[in-house]
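Going down the list, the sequences are from chains A and B.
Position 117 (the first sequence) corresponds to 117 in this note's numbering; numbering is contiguous.
Position 44 (the second sequence) corresponds to 44 in this note's numbering; numbering is contiguous.
Hints are computed from structural coordinates only; laboratory data are not their basis.
Backbone N, C-alpha and C define an ideal beta-carbon position, used for all residues, glycine too.
There's no promise every hint is true.
Said to hold, decoys possible - Computed cross-link-like contacts, DSS-like style, restricted to lysine-lysine with a CA-CA straight-line distance of at most 30 Å:
| hint | chain 1 | residue 1 | chain 2 | residue 2 |
| --- | --- | --- | --- | --- |
| 1 | B | 9 | B | 127 |
| 2 | B | 114 | A | 249 |
| 3 | A | 249 | A | 278 |
| 4 | B | 114 | A | 15 |
| 5 | B | 127 | A | 12 |
| 6 | B | 14 | A | 217 |
| 7 | B | 9 | B | 106 |
| 8 | B | 114 | A | 12 |
| 9 | B | 106 | B | 59 |
| 10 | A | 19 | B | 9 |
| 11 | B | 114 | A | 217 |
| 12 | A | 12 | B | 59 |
| 13 | A | 12 | B | 155 |
| 14 | A | 249 | A | 283 |
| 15 | B | 127 | A | 19 |
| 16 | B | 106 | B | 155 |
| 17 | A | 143 | A | 220 |
| 18 | B | 127 | B | 59 |
| 19 | A | 12 | A | 143 |
| 20 | B | 14 | B | 155 |
| 21 | A | 220 | B | 155 |
| 22 | B | 14 | A | 134 |
Unchecked claim - Partial chain B-side listing against chain A, Cβ under 8 Å, derived:
| hint | residue |
| --- | --- |
| 23 | 32 |
| 24 | 33 |
| 25 | 37 |
| 26 | 85 |
| 27 | 92 |
| 28 | 96 |
| 29 | 97 |
| 30 | 100 |
| 31 | 101 |
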Amino acid sequence: MSANATCEFQAKDYKSDLKPIWCPGCGDYSVVQGIYRALAAVGRPPHEVAFISGIGCSSRIPGYTTAYGFNTVHGRALPIAQGIKLANPDLLVLAAGGDGDGFSIGGGHIAHLIRRNIDITYLVMDNQIYGLTKGQLSPTSQKGRTTCTSPYGSLENPVNPLLYVLAYGAGFVAQASPTDLAGMAAIIEEAIRFPGFAFVNIQSPCVTYGEEVQQIKGLKAISENLASLGHNPADRLAAMDLAQHYGEKLHLGVFYRNPEPAPTYDALIRERQAALSKDAPPKERILDLFIKK
Amino acid sequence: MTTRGIDFKALSLKDALDLAVLVEEEAKERYEDFAAQMDQHRTPDAARFFRYMALNEAKHGEALAARRAELFGSAPSAVTRAMIFDIEAPDFDAARAFMSPRQAMKAALASEVKAHAFFVEALPALKDAAVKALFEELRDEEVQHQDLVQAELAKLPPDSGLSDEDFVDEPTAQ
Chain A
1 MSANATCEFQ AKDYKSDLKP IWCPGCGDYS VVQGIYRALA AVGRPPHEVA FISGIGCSSR
61 IPGYTTAYGF NTVHGRALPI AQGIKLANPD LLVLAAGGDG DGFSIGGGHI AHLIRRNIDI
121 TYLVMDNQIY GLTKGQLSPT SQKGRTTCTS PYGSLENPVN PLLYVLAYGA GFVAQASPTD
181 LAGMAAIIEE AIRFPGFAFV NIQSPCVTYG EEVQQIKGLK AISENLASLG HNPADRLAAM
241 DLAQHYGEKL HLGVFYRNPE PAPTYDALIR ERQAALSKDA PPKERILDLF IKK
Chain B
1 MTTRGIDFKA LSLKDALDLA VLVEEEAKER YEDFAAQMDQ HRTPDAARFF RYMALNEAKH
61 GEALAARRAE LFGSAPSAVT RAMIFDIEAP DFDAARAFMS PRQAMKAALA SEVKAHAFFV
121 EALPALKDAA VKALFEELRD EEVQHQDLVQ AELAKLPPDS GLSDEDFVDE PTAQ
């Protein structure tokens, strides 16, 4: 048995004074605890952390965290997080939201953050339903699901968030769930420490509109730890193979971690700025660049 | 109910006491969290019961911490919260909006049963006699806690048999 290194910060240091107003029993209560623990383990002080979200139940999470926070507009957490990271690369930037926010309204943004490889950790609390607006079909709802917007059962195939980000080349892809809080905290910590865009899909049950099989007992019944399966997280194709079981099995752990992470966009921008600033005119002469000689 | 990185065969009395303190601490925090959830959703009776449970867990934790301090002083701990999950704490989704006191007590009873099962399962792996004795004591205490909750349950008026689920509308097209 080995003791973990003691941290300067405790999980409670990241807990804000706002009381969560999620439904009692919501999986997001567990997720926010996992985030507090991960932040404490990483040890960055709250004033060096920016937490950006979209709209939805899970997007309330920055309010419950002591850090800079911005509860933005629906589906736009990632572009705003990107702007914050580029403006202040020293900040630890987290983005969070639900499956609808991330893969429907904001679905187009993920690909661009991945291809740019911006050093942001994106946490999606995937509950396969629009819970805040009272239970409509979401992009990850399973086919056949009956909701108020699909009273005869959904005819659509769900988005597979894991395959989606793996296909675009995300450097870090993992899945967690409230069935294992300590494991979730460890995964979020690893995602934060990864130098580049990191994605964690968190199966967070909706106790009000979720189905019985999607609750913690149901999730436990289908969960399998990737490490115990002998999965090699450096093997992207194996990760994609496992990710195809999204919705049938709950694989917990790191699907893919690029063993040779590419340079991040924020680092490249800094390099470019440094290179260009060598021969750059002084700021007061900057307008001369636009004057024809 | 999971543990991570705990070698029960090699568990020392100091680590076992620290582990027991962490188990109580986790349960106390979960009950406080549940009480806050009930407050937010204007369910004062369930909130009151969860606070009562949090207080009990805190008392047990303090008693165990005092024993640990007496035997081992301020020797550094080798166990952390990351090594345990949901041993005596009710499951995160055991809370529900507008829980009745009966539902709250049943959630607490389930977690006491779960904690008892944890100590029963761990016992065969233990080698140290003092650790074994401690785990037997903790196992038996969980039975007492179950009795305590059962006694509280018995004080309640008979259940109406109705559930919130009975009043939920089926989805309608929008």
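Results for each hint:
1. Between residue 9 of chain B and residue 127 of chain B the CA atoms are separated by roughly 5 Å; this keeps the pair inside 30 Å, and the hint holds.
2. For the proposed pair residue 114 of chain B and residue 249 of chain A, the alpha carbon gap of about 25 Å is at most 30 Å, so the pair holds.
3. A threshold of 30 Å between alpha carbons decides the hint, and for residue 249 of chain A with residue 278 of chain A the separation of about 54 Å lies outside it, so the pair is violated.
4. With a C-alpha separation of about 28 Å, the suggested pairing of residue 114 of chain B with residue 15 of chain A holds against the 30 Å cut-off.
5. This hinted pair does not check out: residue 127 of chain B and residue 12 of chain A have alpha carbons roughly 35 Å apart, beyond 30 Å.
6. With a C-alpha separation of about 33 Å, the suggested pairing of residue 14 of chain B with residue 217 of chain A is violated against the 30 Å cut-off.
7. Using a Cα cut-off of 30 Å, the hinted pair residue 9 of chain B and residue 106 of chain B is violated, with the two alpha carbons roughly 33 Å apart.
8. As the CA atoms of residue 114 of chain B and residue 12 of chain A are separated by approximately 26 Å, the hinted pair is consistent with the 30 Å bound.
9. Under the criterion of a C-alpha separation no larger than 30 Å, the hint pairing residue 106 of chain B with residue 59 of chain B is consistent with the structure, at around 21 Å.
10. With a C-alpha separation of about 41 Å, the suggested pair residue 19 of chain A and residue 9 of chain B falls outside the 30 Å cut-off, and the hint is violated.
11. Under the criterion of a C-alpha separation no larger than 30 Å, the hint pairing residue 114 of chain B with residue 217 of chain A is consistent with the structure, at around 14 Å.
12. Of the supplied pair hints, the one linking residue 12 of chain A and residue 59 of chain B holds, its CA atoms being roughly 21 Å apart against a limit of 30 Å.
13. Between residue 12 of chain A and residue 155 of chain B, the direct Cα distance comes to roughly 36 Å. Violation of the 30 Å bound is thereby established for this hinted pair.
14. Taking the CA atoms of residue 249 of chain A and residue 283 of chain A, the gap is about 57 Å. The hint is violated against a cut of 30 Å.
15. At most 30 Å may separate the alpha-carbon atoms for a hinted pair to count; residue 127 of chain B and residue 19 of chain A exceed this at roughly 44 Å.
16. Restraint check: the Cα-Cα separation between residue 106 of chain B and residue 155 of chain B comes to about 13 Å, which is no more than 30 Å; the hinted pair holds.
17. With a C-alpha separation of about 21 Å, the suggested pair residue 143 of chain A and residue 220 of chain A falls inside the 30 Å cut-off, and the hint holds.
18. Our distance criterion of 30 Å between C-alpha atoms is met by residue 127 of chain B and residue 59 of chain B, whose separation comes to about 28 Å.
19. Under the criterion of a C-alpha separation no larger than 30 Å, the hint pairing residue 12 of chain A with residue 143 of chain A is inconsistent with the structure, at around 40 Å.
20. Taking the CA atoms of residue 14 of chain B and residue 155 of chain B, the gap is about 39 Å. The hint is violated against a cut of 30 Å.
21. A distance of roughly 34 Å separates the Cα atoms of residue 220 of chain A and residue 155 of chain B; the hinted pair therefore is violated under the 30 Å criterion.
22. For the hint linking residue 14 of chain B to residue 134 of chain A, the alpha-carbon distance of about 50 Å lies beyond 30 Å, and the restraint is violated.
23. At a threshold of 8 Å, the smallest CB-CB gap from residue 32 of chain B to chain A is about 12 Å, leaving the interface hint violated.
24. The criterion of a C-beta within 8 Å of any C-beta in chain A is met by residue 33 of chain B, whose closest approach is roughly 7 Å, and the hint holds.
25. For the restraint placing residue 37 of chain B at the interface with chain A, the shortest Cβ-Cβ distance is roughly 4 Å, inside the 8 Å limit, so the hint holds.
26. Hint status for residue 85 of chain B relative to chain A: holds, with the closest Cβ pair at about 5 Å, below 8 Å.
27. Because the beta carbon of residue 92 of chain B sits about 4 Å from the nearest beta carbon in chain A, less than 8 Å, this interface hint is met.
28. For residue 96 of chain B, the suggested interface contact is upheld, since its CB lies about 5 Å from the closest CB of chain A, less than 8 Å.
29. Interface restraint check: residue 97 of chain B against chain A, minimum CB-CB distance 5 Å, threshold 8 Å, status holds.
30. Here the hint on residue 100 of chain B is broken, as its CB sits about 13 Å from the closest CB of chain A, past 8 Å.
31. Because the closest C-beta pair between residue 101 of chain B and chain A is about 14 Å apart, greater than 8 Å, the hint is violated.
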